[in-house]
Amino acid sequence: MAKAADPIVKDIQERAEGTVVVLVGEIDYNHSHKLLESLNTVIERRPARLVIDLAAVEHMDSSGLGTLVRIFQQVNGYKGKMALAAMNNRVRNAFEITRLDQFFAIRPTVEEALQV
Amino acid sequence: MTQRPARSMDVPVDLAICSDPENLAFVRRAVERMARQEGFDAGDVDGIVLATDEAIANVMKHGYEGRKDCTIHVRLERIAGREGRRGLQMTVRDHGKQVDPAMIKGRDLNDVRPGGLGVHIIRSVMDEVEYTCPSDGGMQLRMVKYLPDRGEASS
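Chains A and B, in that order, are what the protein sequence lines are.
Under our numbering, think of the first position of the first sequence as 170, with each following residue one higher.
Under our numbering, think of the first position of the second sequence as 1102, with each following residue one higher.
Hints were generated in silico from the structure; no laboratory data involved.
Using N, Cα and C, we set each Cβ at its ideal position, and we do this for glycine too.
One or more hints might be untrue.
Derived, one-sided and incomplete: chain A residues facing chain B with beta-carbon distance under 7 Å [as the list claims (entries may be wrong)]:
hint	residue
1	N199
2	K203
3	R239
4	E281
My request is simple: use the sequences and hints to build the entire structure.
This is the structure in structure tokens:
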């Protein structure tokens, strides 16, 4: 099977309100380590507010969830804020089953997440 | 595969994949298609796909400890289980490390930390979950999701 390019981080936007990381595709055990590397690079700059845009994420499993928990713990460690935006029903389901929907700030849009 | 308690309704779909995580997406597609065809609603389809994905990822991570050159067998079949209730059964079979099934538990979700969520997800989504240690080595996980009864809201 030919390997296709499968970037997980589609874009990183520096806005006045904070840093928005736009993710894309399916974040599973195959991709979560790449996601962690990419997000670790972003938080090296210690953004005061980090928003993860999940609108283009079709699937996320426990390894993806675990990666976001790791990042949250680091952002929280330097007193930054982190929020998740625009997740679809399948991704939302994974957060609800694991009760991580009660742990993260989750908003329907990136604009609302930037106000957290 | 060990004896199945439910009655299989037709020829199962048997997949044998290499334990490379790149193959997870392929199995997700097959499971999603079969769950939709069986008549599960979108929420249940999502759950079945997620639980199967978690089960196979666990084999890759723990059963085969990250090796990418081992074989994982996945059987997908339509069944008639308890009281004739229709459902979908997924069986995941490997020849990796054996563990005592009694030790395979989800962790306390109040302890928020990365890792350890896969088993919780599987047990939360599926109606039946059974881990066994076949006599010829490895592990087998049998999971069943039943279609809702008429008049019963799907989860």
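Hints, one by one, checked against the model:
{"no.": "1", "hint": "N199", "verdict": "holds (4 Å)"}
{"no.": "2", "hint": "K203", "verdict": "violated (11 Å)"}
{"no.": "3", "hint": "R239", "verdict": "holds (5 Å)"}
{"no.": "4", "hint": "E281", "verdict": "violated (23 Å)"}
Comparing the model with each earlier hint shows violations of hints 2, 4; every other hint is respected.
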